[in-house]
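**Q** Given these sequences and hints, build the entire structure.
Read top to bottom, the protein sequences are chains A and B. Take the first sequence: its letter number 131 is residue 130 in numbering that gives the first Met the number 0, and every next letter is one higher. Take the second sequence: its letter number 49 is residue 48 in numbering that gives the first Met the number 0, and every next letter is one higher.
Among the hints, erroneous ones may be present.
[To be verified] Computed footprint of chain B on chain A, listed as stretches where at least three residues anywhere in the stretch have a Cβ under 8 angstroms from a Cβ of chain B: (1) 45-53; (2) 131-137; (3) 320-326; (4) 344-355.
[To be verified] Result set (EDC-like, lysine to aspartate or glutamate): computed pairs, CA atoms no more than 20 angstroms apart in a straight line: (5) A:LYS378 - A:ASP11; (6) A:LYS99 - B:GLU6; (7) A:LYS99 - B:ASP8.
Just so you know, the hints here were simulated from the structure itself, not pulled from any lab data. It should be emphasised that the depicted structure is a prediction, and the values quoted were computed from it without experimental measurement. Heads up, the beta-carbon is just placed ideally off N, CA and C, and yes, glycines get one too.
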Amino acid sequence: MEIRSYPFTELDDLELHPAYLELQRDEPVARVRLPFGGDGWLATRYEDVKTVLADPRFSRAAVMEPGADVPRTLPTMPTESNILSMDPPDHTRLRRLVAKAFTARRTEQLRERAQEIVDGLLDEMEAQGPPADLVEALAMPLPITIICEMLGVPYEDRGKFRAWSEAAVAITAFTPEEIIAANESLRAYIGGLVERKRAEPADDMLSVLVAAHDNEDRLSTQELESFGVALLVAGHETTANQIGNFVYQLLRNPDRLGELRADPSLVPAAIEELLRITPLGGSAGFPRIATAEVELSGVTIKPGDAVFVNNVAANRDPSVFENPNELDFHREHNPHIMFGHGAHHCIGAPLARMELQVAIGTLLKRFPLLRLDGDVTFKKGRLIRGPQALSVRW
Amino acid sequence: MSKWTIELDRGTCIGTGMCTATAPDHFRLEGGTSTPVNETVDEDEAVVDAAESCPMEAILVRSADGTVLAPQV
Ligand code: HEM
Ligand code: HEM
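**A** If you want it as structure tokens, here you go:
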């Protein structure tokens, strides 16, 4: 069996590397070699990917065991565990502390606030006149404002944590030392806020976590800080890049854009479809480790083997999605797994959906002549893909 | 040990796999949505965990006397 170098070369724009769909067809569970830590498997079919993400025979925590040397893109192994590197029941204990605040029902109550933020941002953009950079005008400030308000992080500090966060989700765009230093800075920053919430509790999520630590001993200091960092970073990098990615794709696809403008009730379905098709991760991510023998598409995975998945390839599996490479806002059934699956299913999924619906829906409504102003450059060497800037006119 | 009941609203479930991963003994995915393996179960905190972790609040756990144990709203 051929061993392929992984991750595959980074492509421009928002292309999915063709190797994923070739493998999905011919070699659904393929052998891959990472820059560090040796070989692993790569699963690309929908059912296999879901199994790896949700079956308890695959562990995230095994990556964090002392001395573990798993296949990866960065030279160093992670030293700090976070919510993504925990397994149930530890993972469940941590996640339950904030799960309530992220349910679909609670998120719906934030829609009005999101609308108010978007209206304000677009007022400002309009007042300044074209051209505008949509990344700075809308894509970044919306999710940052929302996650700051939920967590209780001062919005004025965004300059600081945005810079750290940029480096924390880099692979090759920063040096490994810079990436580690940025993670340290984020930890120290959240640690400082924790002290403030301890002295002056407020009606926010960090205060809830501080109380769970201090009064009920339900999480350690390390867990408290790393969870705060994860929520802050994940709460804005992902959605911000997707707003840019989605607007970019719509503005380059006049047919779909026209359809959406003609019938704004299609916005939620359009967001689901854009989620399904847009490659957001630019890298390999962290693997799961098998803790027992598992069979995937006829391949036997042995205990200790590392398995990578690609959600976007899974989202284009022709056995689940008809015409999988086509953007189609009229799919009756769209069970995409862009938010993952199983215990680590994105806690912010209802929030991200709501933010994307409000941002894109309002943008299209208010700017009927919105168009791209020149070429768009995409970021490189990051975990998360997105436009560097998105200059538009109207 | 008293018995608990699990109700699952299949119309609300979006199949995130949260409950099947949190309480694998009690839930399984069928055709994209979750189903309790048994609707009546022995007391087990994992079932409460699953109901509390569901983003759609589609799982309802009741004690023998009908009191709702989870999710808390
Ligand atoms: C379009 C936007 C987003 C996408 C595509 C996305 C995608 C994902 C994916 C695929 C995972 C699972 C990772 C894995 O299994 O390894 C995940 C987990 C997570 N996401 Fe998101 N996410 C988005 C927005 C958000 C937002 C707005 C938040 C807000 C707090 C958030 C917080 C988290 C957290 C905390 C986890 C870890 C959950 C756990 O390990 O239990 N995400 N996300
Ligand atoms: C502060 C906590 C976090 C740290 C230190 C961290 C670090 C990392 C590292 C080292 C990788 C793997 C790099 C590679 O081998 O390619 C990775 C992958 C990734 N992480 Fe995180 N992460 C954190 C939190 C999160 C959260 C909560 C999310 C959820 C939205 C997230 C989203 C991702 C994505 C989307 C990938 C790439 C997966 C892909 O390419 O498909 N990160 N992260």
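**Q** Hint by hint, say whether it matches the structure.
**A** Structure-based check of each hint:
Against chain B, the segment 45-53 of chain A contributes 3 residues with a C-beta closer than 8 angstroms to a partner C-beta. That satisfies the three-residue criterion, and the hint holds. Figure legend: the segment 131-137 of chain A, annotated as covered by chain B; annotation inconsistent (0 residues with Cβ-Cβ distances under 8 angstroms, at least 3 required). Remark: the segment 320-326 of chain A is not confirmed as covered by chain B, as 0 of its residues place a Cβ nearer than 8 angstroms to a Cβ of that chain, below the required three. Closer than 8 angstroms: that is the beta-carbon criterion, and the segment 344-355 of chain A has 4 residues meeting it against chain B, so the requirement of 3 holds.
Between the alpha carbons of LYS378 of chain A and ASP11 of chain A the distance comes to roughly 9 angstroms, so the proposed pair stays at or under 20 angstroms and holds. Straight-line distance between C-alpha atoms of LYS99 of chain A and GLU6 of chain B comes to about 19 angstroms, which keeps the hinted pair within the 20 angstroms bound. Between LYS99 of chain A and ASP8 of chain B, the direct Cα distance comes to roughly 18 angstroms. Compliance with the 20 angstroms bound is thereby established for this hinted pair.
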